[in-house]
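Take a look at the letters that make up each chain.
There are 2 protein chains.
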Amino acid sequence: VNILKKFLEKKAFNMRLSSLMMTSLAGSGHPTSCLSAADIVSALFFYAMVYDPNSPKHPNNDRFILSKGHAAPLLYAVWKEVGILTDDDLKTYRNVDSSLEGHPTLQFDRTEAATGSLGIGLSIGLGMAFAVKLDNLTSTTYVLLGDSELSEGSVWEAVGLAHFYKVKNLIAILDCNRLGQSTETMHGHHVYRYEQKFQAFGWKTIIIDGHNMTQIMDSLDKAKNYSKEGPIIIIAKTIKGYGVKKAEDKPNFHGKAFKKEELNQIFKELEAKFPAAVSFDDSQYAWKPSMPEKPSKEYEANMCESLSLPNPEYEVGTKISTRKVFGQAIEMLGNACKSVVSLDAEVKNSTFSEIFEAKYPDRFFQCFIAEQNMVGMGIGFDLNGKMPFVSTFGAFMSRAYDQIRMAAIGQSRVKLVGSHAGVSIGQDGPSQMGLEDIAIMRCLPNSVVLYPSDAVSAYKLVEQMARYQNGISYLRTTRMDTPVIYEASEKFVIGGCKVLRQNKYDKLCVVAAGVALFEALSAYDKLQEEGITISVIDLYSIKPIDKETLLDIGKKSGNRIITVEDHYVQGGLGESICSALANSGMRIECLAVTQLPRSGKPEELLSWAKIDSHAIIKMVKRVLAS
Amino acid sequence: VNILKKFLEKKAFNMRLSSLMMTSLAGSGHPTSCLSAADIVSALFFYAMVYDPNSPKHPNNDRFILSKGHAAPLLYAVWKEVGILTDDDLKTYRNVDSSLEGHPTLQFDRTEAATGSLGIGLSIGLGMAFAVKLDNLTSTTYVLLGDSELSEGSVWEAVGLAHFYKVKNLIAILDCNRLGQSTETMHGHHVYRYEQKFQAFGWKTIIIDGHNMTQIMDSLDKAKNYSKEGPIIIIAKTIKGYGVKKAEDKPNFHGKAFKKEELNQIFKELEAKFPAAVSFDDSQYAWKPSMPEKPSKEYEANMCESLSLPNPEYEVGTKISTRKVFGQAIEMLGNACKSVVSLDAEVKNSTFSEIFEAKYPDRFFQCFIAEQNMVGMGIGFDLNGKMPFVSTFGAFMSRAYDQIRMAAIGQSRVKLVGSHAGVSIGQDGPSQMGLEDIAIMRCLPNSVVLYPSDAVSAYKLVEQMARYQNGISYLRTTRMDTPVIYEASEKFVIGGCKVLRQNKYDKLCVVAAGVALFEALSAYDKLQEEGITISVIDLYSIKPIDKETLLDIGKKSGNRIITVEDHYVQGGLGESICSALANSGMRIECLAVTQLPRSGKPEELLSWAKIDSHAIIKMVKRVLAS
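Residue numbers (our numbering), protein chains in the order written: chain A, 1 to 626; chain B, 1 to 626.
The set of hints was computed from the structure by calculation and includes no laboratory data.
Treat the hints with caution; some may be incorrect.
Copies of the same chain are indistinguishable here, so a pair counts whether it falls within one copy or spans any two.
As the list claims (entries may be wrong) - Below, simulated PhoX-like cross-link-like pairs (lysine-lysine); rule was C-alpha separation at most 25 Å, straight line:
id : residue 1 : residue 2
1  : K168      : K338
2  : K250      : K359
3  : K259      : K601
4  : K319      : K491
5  : K324      : K6
6  : K601      : K91
7  : K504      : K324
8  : K507      : K555
9  : K256      : K601
10 : K260      : K601
11 : K601      : K288
12 : K556      : K526
13 : K601      : K250
14 : K273      : K6
The whole structure should be built from the sequences, with the hints applied where relevant.
Printed below as a string of structure tokens:
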């Protein structure tokens, strides 16, 4: 054991040197945040963790989430010590063509999760731990937290839920180095304050000196044992900048690389501080990874067999809400594909994820009213091979927007479903109306935004979402019942639209989606009676957008388009079309919500917002008259 | 005291009847959530709170924040009991022309803060309590929390910070009715679990039976006393649906109004349950409000004297970052106007709010890394007459997006400032880049979005923000130093832009803002050498947008516009222009960030994103050639 301990200290020493070298070469980065955690990370990778270094996707590998993502150099340094990266690789840190980015991203294939926005890692780890349990795997998920990020409420959402479900095989480690970016943290080095909080939230805790390798090893042993029962945190009191005298426990050294010219002196200091590490001969200890077991039979059995759903049985003309169809569709999908899981923020009877729960209670996760942790968990589920459908009110997706942003950055395939879109929810009023959801989802890289109007399209778009593998996707559903307009065999694709009304005499084309589509169809009927014929397009895929069809039908309809949507005017369907058809010479008028909405009956509010059939007819006539 | 207690019970009884009547008439709403809290609210308004019922803006009024906003009928019911609303008013609840909305909004002038998205009220109350302290006022802020919302991490952000600052005159009351919308809460009726958590976070706690008026009154007395030292919570065990047998403590009654036809029977049940209330004769107790003291002299002294700043002293050609200028500008503003406060999420040395802190430490609030609570506090400061500038990285504004959404719904004038916009921040990588901030701020009602490029415009736009009173405003600042291009006397207005280059031979107009503007100016110089002249516009006000000038200059420049921005292509500057000029016949090409960004040097990333001068020149030539 003594020689192992010396070996771990040597590895930590090497990682300190590497972290300093990388940041000084790059001229930026967070070396002092690496120095406080080097001993912990050494013990994790060379003592505690079970993993196959050459098989990063092994399902039974222990997972390591660097929630304090600014300590990225340490992550790269440890993989150099493992033998996966070289010194030359490390020297590319933060270069524009390097996979070793400033904060961890999946560009580097050993990064388990993209981090860098604080307070998200524990939620990701929690999702992973749930996935491990579903598959009866053996892997433990380790999450390294910084103390600054414990002021983020999202952390406490994860802490609370982990205890509620007595989640196993989840070990958090707090690198409590006292200093934040610009000031001392709320609790400084009073580690007992963190202990009190975690204990009150039901967690087991161990307090250690984070630079004492014996204590680190012991605590990891104990944590591993205890983690068979529930969540545990090792609270490690550490020194920020540990080993670099001028920076040790000092303010104003956060996120500051030392000058290259200083490195020699600093390395000398480190050598003086860690003589045993310097004199340690690597041949004294032949480290071998603790290799993971073969995956469980449950893991194999839970693979997705098919993403094909049978045609639904909705009959044209009957009425049902798209939110309810969402519930029915994921229930069907859950049958075809065992990796489907459903996450709810305590609104399952509004979003109808309760339909999935009733059939697959083991794959349904009640996250309570804590949307940030729910989305973070979704990222974790996806990273561990599950297909998470995360649903709540569209309005409350805004609560988890940083996590959604990070999901996009982490190339997650998490599927987001927001119900109660628009003013058409009615009396509950503006706080409950999703009116910015299209805008905030559209702008993220590789995102897909879908907005079905009827049951068949909703059902089929859930199937399309399931198949989408290149990023996050968002489905917008409606509270009220709407009539089925498509035959059950109709096909829907991401990036498509449906031309519902069109003939060669059309003078104008109305493009709508969701509830507004029915207003457009109603306007069509009324205008028809007056002898005015218009085209009507169902733009169920808002991103990507079917520019060609819009252009084609728009041109055939007098080069005039009116867009209608139950969403704020900025960033929604209308602006998407303005942007897509910017240089087409098309006249475009956008009907959308332009003011602060209020309570009222759905039809009253559609009228108030000037997105109902009357408003459409008025605009059609105005455009045709001018 | 006995007669007072009976009076309070009678008032609670009346409010129960009113809440039931309102929701049944409206056919929707949350009666059972009102029934659990009626006794508490009665004791607050008729026993504990100090306020002038006829002077809702009195600075020394105690504040009441209904964090569980779905209990809105109770808020309206209590104001009816106070004598401000009539039964006829209550009958308008949820009507399209009523100020009594489904969740509380400022349409009703006694609502202290718009609520309805859960977990925000305590942050608002915390901001108010800080404001009270600044002004040396006597008012106490009461926040009524639901138990479901305690799973929101944002609550724990507020709880942690309130203790850190030992905030006085802040009293939270938890209506612990066990049942959420679709399931039991995490802790059900185990009120000691909440006690443990609040105590671990440093709060004083009192546990009571929330339907025992004597206990409620006692606890309010004790809380008032203790609140002179620090934050305290009364944890009230209550019964959801209290008084309506079929619904009492039963699931599936959340957010469900009883049928009108059921009301007679329900009222009979209530009368049987509360015989003392029925037989209580109002003439037995003559309630008089506890009137507030005159405002303090500090309150008067802290009024804003002026929002006029002297011209800044930046010299054309010198280089300084707009983020630093923001810090300098609010320092100046803090001198002119004593109501200015600055809120930071532990990045004050990045956003430069530290400049304000150095001069006005009492008006600077370190919120640590907890953006949601910071924005919630900002709402509270604004409601209590302060002018909050809330700053963090633009990327991390996303963390508080639901609070920002609710700020807009609550017609708040909170001023948001996001630094480190765009890929131009460089090596720290995508997690730190604000690339969606324009999109998410633009879409909210009455919001203003400003994006200065140089020091003078940044300074003057801070002044403009301070003057903006109709909603939230957002200022986007840049990490890198940029050259001063405007004379110190130049004027900037919300909704304006600056035509920087223009002559009659221009064949095209480039519109940019922020860092991209300098790329545009550089492109102008290079194109000039090749004999191609272009107009260049600085679109520092993205919302509202100066459509007229864009149209005018665009027309004079060959009807061709190229937009350039360091932001995702959706919802940003370019799309704003596509939308504003949709029917102008203008050719518009948008240069913006279209892919998932990465780490690299600022100039490398501007080039990678094709938003640098080379990309502009290339696009200019392509447009002119086609």
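Structure-based check of all given hints:
{"no.": "1", "hint": "K168 x K338", "result": "within (21 Å within a copy, 53 Å between copies)"}
{"no.": "2", "hint": "K250 x K359", "result": "between (56 Å within a copy, 23 Å between copies)"}
{"no.": "3", "hint": "K259 x K601", "result": "between (65 Å within a copy, 18 Å between copies)"}
{"no.": "4", "hint": "K319 x K491", "result": "within (20 Å within a copy, 57 Å between copies)"}
{"no.": "5", "hint": "K324 x K6", "result": "neither (60 Å within a copy, 47 Å between copies)"}
{"no.": "6", "hint": "K601 x K91", "result": "between (62 Å within a copy, 15 Å between copies)"}
{"no.": "7", "hint": "K504 x K324", "result": "neither (37 Å within a copy, 60 Å between copies)"}
{"no.": "8", "hint": "K507 x K555", "result": "within (10 Å within a copy, 28 Å between copies)"}
{"no.": "9", "hint": "K256 x K601", "result": "between (56 Å within a copy, 16 Å between copies)"}
{"no.": "10", "hint": "K260 x K601", "result": "between (67 Å within a copy, 18 Å between copies)"}
{"no.": "11", "hint": "K601 x K288", "result": "neither (68 Å within a copy, 39 Å between copies)"}
{"no.": "12", "hint": "K556 x K526", "result": "within (21 Å within a copy, 42 Å between copies)"}
{"no.": "13", "hint": "K601 x K250", "result": "neither (60 Å within a copy, 28 Å between copies)"}
{"no.": "14", "hint": "K273 x K6", "result": "within (14 Å within a copy, 74 Å between copies)"}
Checked against the numbered hints listed earlier, the structure breaks hints 5, 7, 11, 13; every other hint is satisfied.
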